[in-house]
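Enquirer: Could you put the whole structure together from the sequences, leaning on the hints where they help?
Read top to bottom, the protein sequences are chains A and B.
Residue 432 is where the first sequence ends in the working numbering, and the numbering goes up by one at each step.
Residue 432 is where the second sequence ends in the working numbering, and the numbering goes up by one at each step.
No false leads were mixed into what you were given.
Which copy is meant is left open, because identical chains are indistinguishable; a pair holds if it fits in one copy or across any two.
Computed list of lysine-lysine pairs in BS3-like fashion (alpha-carbon distance at most 25 Å, straight line):
(1) Lys-406 with Lys-362
(2) Lys-406 with Lys-144
(3) Lys-150 with Lys-48
(4) Lys-406 with Lys-317
(5) Lys-144 with Lys-310
(6) Lys-26 with Lys-195
(7) Lys-36 with Lys-270
(8) Lys-82 with Lys-406
(9) Lys-228 with Lys-270
(10) Lys-150 with Lys-53
(11) Lys-82 with Lys-362
(12) Lys-362 with Lys-144
(13) Lys-270 with Lys-26
(14) Lys-82 with Lys-130
(15) Lys-195 with Lys-270
In case anyone wonders, no lab produced these hints; they're calculated from the structure.
Number of protein chains: 2
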Amino acid sequence: MLKQIEGGVTAAKGFWASGVRAGIKESSAKKDMAMIYSEVPCVGAGTFTTNVVKAAPVKWDQELIRHRETAQAVVVNSGVANACTGEEGYGYCRSTAETAAALLDCKPEEVLIGSTGVIGKQLPMDKILPGVAMLKEALQSGPEGGQMAAEAIMTTDTMPKQIAFTFEAGGKTVTIGGMCKGSGMIHPNMCTMLGYITTDLNITKELLQEALSADIPDTFNMVSVDGDTSTNDTVLLLANGLAGNEKITEKNADYYSFTEALRAVNTYLSKKIAGDGEGATALFEVKVVGAETKAQAVTLAKSVVMSSLTKAMIFGHDANFGRVLCAMGYSGVQFDPEKVDLTFESAAGTIRIAENGVGLDFDEEEATRILSEPEVTVTADVKMGTETATAWGCDLTYDYVKINADYRS
Amino acid sequence: MLKQIEGGVTAAKGFWASGVRAGIKESSAKKDMAMIYSEVPCVGAGTFTTNVVKAAPVKWDQELIRHRETAQAVVVNSGVANACTGEEGYGYCRSTAETAAALLDCKPEEVLIGSTGVIGKQLPMDKILPGVAMLKEALQSGPEGGQMAAEAIMTTDTMPKQIAFTFEAGGKTVTIGGMCKGSGMIHPNMCTMLGYITTDLNITKELLQEALSADIPDTFNMVSVDGDTSTNDTVLLLANGLAGNEKITEKNADYYSFTEALRAVNTYLSKKIAGDGEGATALFEVKVVGAETKAQAVTLAKSVVMSSLTKAMIFGHDANFGRVLCAMGYSGVQFDPEKVDLTFESAAGTIRIAENGVGLDFDEEEATRILSEPEVTVTADVKMGTETATAWGCDLTYDYVKINADYRS
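Expert: This is the structure in structure tokens:
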């Protein structure tokens with residue numbers, strides 16, 4: 024029984040958070056550092072960028088998540104990504120963690136690090152280390168703490184993104200909450216995606232990682248095109264056990280209650296990232312049904328959601344089904360275009376626009392009405408099997424796109 | 024001895040061409056149909072889109088190129104792509120070819136067809152068939168004919184694209200010329216690429232196809248990302264033998280003189296397509312050297328040239344080497360980022376900006392000067408082997424890009 028509640032990373036028991044302006048972005052008045060802190064050590068799980076080029080904080084976190092039993096804090100900065108910075112950059116992760124550990128009375132190896140911003144520039148440690156001290160002072164356990172942190176990790180995001188739910192496990196109420204920053208730009212590959220999820224669930228480290236690893240392919244990864252990942256992409260999940268439920272050590276009913284809640288948090292955050300593309304006016308959802316394999320469905324859905332032509336189509340409110348078929352066609356998946364059915368759907372209704380690969384003589388006005396809503400879904404049925412996938416993106420709204428959006432008129 | 028001469032598809036002996044306004048784009052005063060005609064039958068070669076969804080004219084041309092010995096004319100329209108149009112659309116290719124054949128006194132199976140424009144809409148045959156008659160009347164054999172045709176195949180291109188060369192084969196002067204239309208939009212996948220090359224060389228059909236197939240991977244295909252091909256992409260090469268050289272039936276010196284000329288034509292046209300991206304201010308060339316395999320080099324070069332972040336970097340005249348490394352990193356190719364050297368180059372000079380994956384303390388002003396030229400080259404040495412590849416694109420110049428271009432300042 025999932026119930027949405029107020030807050031984000033501080034919703035779960037024992038979690039504190041803060042956000043401050045350390046001055047990393049000299050010309051900006053915005054907050055640029057965030058901290059998450061748990062009163063007691065947590066088990067931690069993480070998923071990281073698949074980019075061959077990994078930022079120093081990604082290497083730092085991977086090491087900690089893989090080889091350490093517990094974590095207790097996260098320090099995040101925006102402005103400088105600490106990527107392509109060599110040994111020096113990795114050393115700065117250690118200095119930051121050491122400073123935080125001393126202030127928070129934990130070990131440096133229990134402090135996870137996140138960075139987003141310019142690649143190839145060293146961190147201004149004269150700003151970062153005082154920033155860590157400011158973060159420690161600013162920590163709060165209520166919704167204000169989570170709000171501060173969610174604001175501080177924003178770069179070109181137009182709004183903070185956070186959510187929290189409660190669910191029941193072993194007779195106890197468990198809370199899970201999360202925050203993320205996403206792609207301010209139009210394409211997810213243009214900006215680092217950072218996600219931080221906290222829960223007071225009592226669970227083993229192994230099952231926590233398994234739950235996160237199983238969830239990401241259907242949530243955060245469906246916002247981004249395969250491989251189009253930044254050097255810094257990171258999702259961390261911390262569980263401190265303070266809910267007091269009997270420890271989850273196997274995939275029992277409690278485990279599945281948890282994975283359901285995790286799915287809800289990550290789906291919400293993924294859709295928020297997709298819908299908050301720079302200047303976006305609509306969330307663009309693509310469902311592929313009837314694929315033979317999951318991989319096929321994923322590839323087809325991502326190809327459509329990332330096509331500049333389909334995105335421009337959503338902006339132009341123009342049901343140009345050929346663009347959807349074209350994007351499926353170059354995805355690399357083999358299918359029979361002459362079997363594909365396409366449907367557009369939104370709060371304003373549902374309209375079938377193509378059957379067996381050929382356009383229907385649909386009502387253009389009705390189609391325009393449906394495509395003018397803030398959330399638009401395209402469903403493609405490829406009629407080969409039973410596998411499905413859903414991907415999320417946004418429309419393109421800029422001048423260069425207008426040429427495409429108006430192409431048919 | 025390659026020599027550039029005036030003209031395009033009508034430069035070679037016996038080729039005529041025309042371009043007219045048939046009214047397919049009702050609201051436009053631009054020419055929208057083109058014809059190429061050879062006084063005598065030609066052997067023909069072609070390469071076509073790899074998109075699973077193939078437009079009707081692509082299917083028509085593939086059939087003719089594969090199964091017919093000769094071709095004598097090409098009819099092209101812009102405005103409507105005749106893609107996703109089923110049996111009806113394929114029938115319209117036949118009607119168009121029949122009409123042209125009757126007027127030109129050849130067989131319908133000797134008339135190749137090309138289309139570009141809106142997907143999913145049927146051709147307005149009440150415009151197309153009269154257009155064919157107008158094209159026949161307008162045919163000219165001089166440079167004016169080639170110019171008319173090059174203008175008529177444009178969609179959002181800002182300028183016609185054509186080139187011609189002469190070379191010697193068996194003591195005879197042979198001429199080769201070509202025209203193309205490209206991506207008016209920023210990404211090559213947004214627009215159909217059509218290329219038409221004519222020559223008066225005497226050569227077998229088999230070797231003609233072999234020469235074209237061998238050339239495309241290093242020329243036209245390096246403008247476009249793997250798989251990001253439209254439903255209509257087509258390059259046709261017609262050879263009518265009127266130069267009078269002894270027929271090329273094996274890979275002798277004459278064959279290699281021809282392939283050199285073909286490479287020159289296709290390279291020129293490819294760079295023109297890349298440099299004519301909508302609103303582009305610069306041709307962006309990416310060279311990868313030191314790869315283990317050709318495929319690696321190609322994938323890395325394309326990943327960099329198509330990255331919105333690197334393209335924005337060229338527009339912003341900002342030597343942000345991390346973006347280049349990042350795009351290489353998500354290409355899927357395994358390499359050691361800590362070995363990569365990066366160099367920027369243009370008419371204003373050459374500057375090394377990163378060595379072994381770490382940024383050098385280069386002169387920012389000099390870098391900006393180099394990146395401000397109309398043609399900018401980035402070279403990445405991955406130090407794994409001896410294979411190389413060159414890809415071409417353009418900068419991004421629109422409002423949405425400014426955010427990226429200014430990101431570092």
